[in-house]
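The sequence shown begins at 1 in full-length UniProt numbering and counts up one residue at a time.
It is possible that part of the hints are untrue.
[Unchecked claim] When the alpha-carbon atoms are kept at most 27 angstroms apart in a straight line, the in silico DSS-like pairs for lysine-lysine are as follows:
1) K231 - K281
2) K301 - K321
3) K328 - K222
4) K301 - K231
5) K231 - K283
6) K291 - K281
7) K170 - K157
Hints were generated in silico from the structure; no laboratory data involved.
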Amino acid sequence: MGESVTYADLQFSRAPPGWSAPPRTQGAAPPAPHEADSTYENLHLGPLGAGPAGSGAQQHRDPRWRARPLLLGLLAACLALLVTTIALGVCYGQQGQRLQQASRAHAAERHGLWQQTGAQEQQLGQAHAVLARAQEELAQTRVELAQEQEKGTHSQKELQETKTVLRETKVDLERAQEQVRNLQQQLDETARALASSRPCQVTDCCPETWVLHRGKCLFLSKEEQSWEQSKQRCEQESSQLLILLDQDRDWDRDRNQHWDQTKMPSFLTNTDASYWIGLWKNKGRWTWINKTPYPNSWKLKGSSNYGVIRRGSIETSYRYKHHWVCEKPASRPREGTEAVLAV
1 MGESVTYADL QFSRAPPGWS APPRTQGAAP PAPHEADSTY ENLHLGPLGA GPAGSGAQQH
61 RDPRWRARPL LLGLLAACLA LLVTTIALGV CYGQQGQRLQ QASRAHAAER HGLWQQTGAQ
121 EQQLGQAHAV LARAQEELAQ TRVELAQEQE KGTHSQKELQ ETKTVLRETK VDLERAQEQV
181 RNLQQQLDET ARALASSRPC QVTDCCPETW VLHRGKCLFL SKEEQSWEQS KQRCEQESSQ
241 LLILLDQDRD WDRDRNQHWD QTKMPSFLTN TDASYWIGLW KNKGRWTWIN KTPYPNSWKL
301 KGSSNYGVIR RGSIETSYRY KHHWVCEKPA SRPREGTEAV LAV
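Working from the sequences, and respecting the hints, build out all of it.
Rendered as C-alpha cells:
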C-alpha cells in the first residue's frame, strides 16, 4: 500500500487574548469582515503509521474516510431511534387498546350504574309513594283512634253513670226487699191470727182420708214401716210425723204446750195399736223432730231411740215396724163451702 497525503487549508483568526481560534476547513464560509486579518497557511502532514508514505498520504487526502464513522453513528442512532419509535408505537398501541377496553368497560359499568341508579330511583319513588300512602293511612288511623278514644271516654262516663244508677237501684232494691220481708211477716202474722181466730171446722180443710183435729190434719197409716221410712212417707205428703204440741207461734217455743189425755183424739186413746210419732233421741236427748226438747224424757224407758203413742201415752217400743201418724196444717175452706156455711 502506498502512503497518502492529506492537504488541508486552515484559516486562523485573531482571537482575543487568552482565547485560541478554531481552525476552518476548506470550503467553509468566507470570514466575516472583522476576520480580514486572518492568515492562511498550508500544512503538510508527514507520513503516518508503518505503511508506505504514499498510502498514508492518500488516506489523509480522502475526506470520506473520516466521515464514515460519523455516518455509522448516525445510522446507528437512526436505527436506535427507529426501534425506539417502533417500540413506543407498539406500547402506545397496546396502551391505546387497554385504554379503549378500559373506556368500554367504564362505559358499560357507567351504563349499568345508570340503570341501577334509574331502578333505585324508581324503587325510591315507589317507596316514597308507599310511604306517603302509609303516612296518610297513619294520619287516618290517628284520627280514628282519637275518635275511638273520645267514644271510649264517653263510654266510661256512661259506665260510671250506669254504675252510680245501679248502686242507687241496688239500694232501692234492698229497701224494697226489706219492705217485702216486713210485709210478708205482717201477712204471716195476719194469717196466723186469722187461723187462730177462725179455726177450720169443716171437712174441706183436710185432704181425703185425713182427719181434722185441733187445727191439724192427721193421717193414720194402715201399713207398718220403720220410723225412718214413716218419716219419709210423711214428708212425701208435705207433712211430718205427729208432734203432740200446741204451736201458737213457731218462733215462740215457750208457749208450746204438750197435749194431755183430754186433747188427744179418741182414736189414739182407745186403741191398743202403737203409732210412730215425731219423737226421737238425738245425741242422747229426747227431742221432737222440730228440735223442741221433750220435758218428760225421764218417763221413757227402754233401749229404743224412737217414740210411739199407745192408748194416749207416749212410750218407746222394741219393735222395728209400726203404724205411723202424719200431721200438717189445715188449709182454709173453699169459698163455696164458706158461702154454704154462711147461709
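Against the structure, the hints come out as follows:
1. K231 - K281: 14 angstroms, holds
2. K301 - K321: Roughly 18 angstroms between the alpha carbons, so the hint for K301 and K321 holds.
3. K328 - K222: It holds: about 18 angstroms lies between the C-alpha atoms, which stays within 27 angstroms.
4. K301 - K231: OK: K301 and K231 at ~22 angstroms, within 27 angstroms.
5. K231 - K283: 18 angstroms, holds
6. K291 - K281: 11 angstroms, holds
7. K170 - K157: 20 angstroms, holds
In this structure, none of the earlier numbered hints is contradicted; all agree with it.
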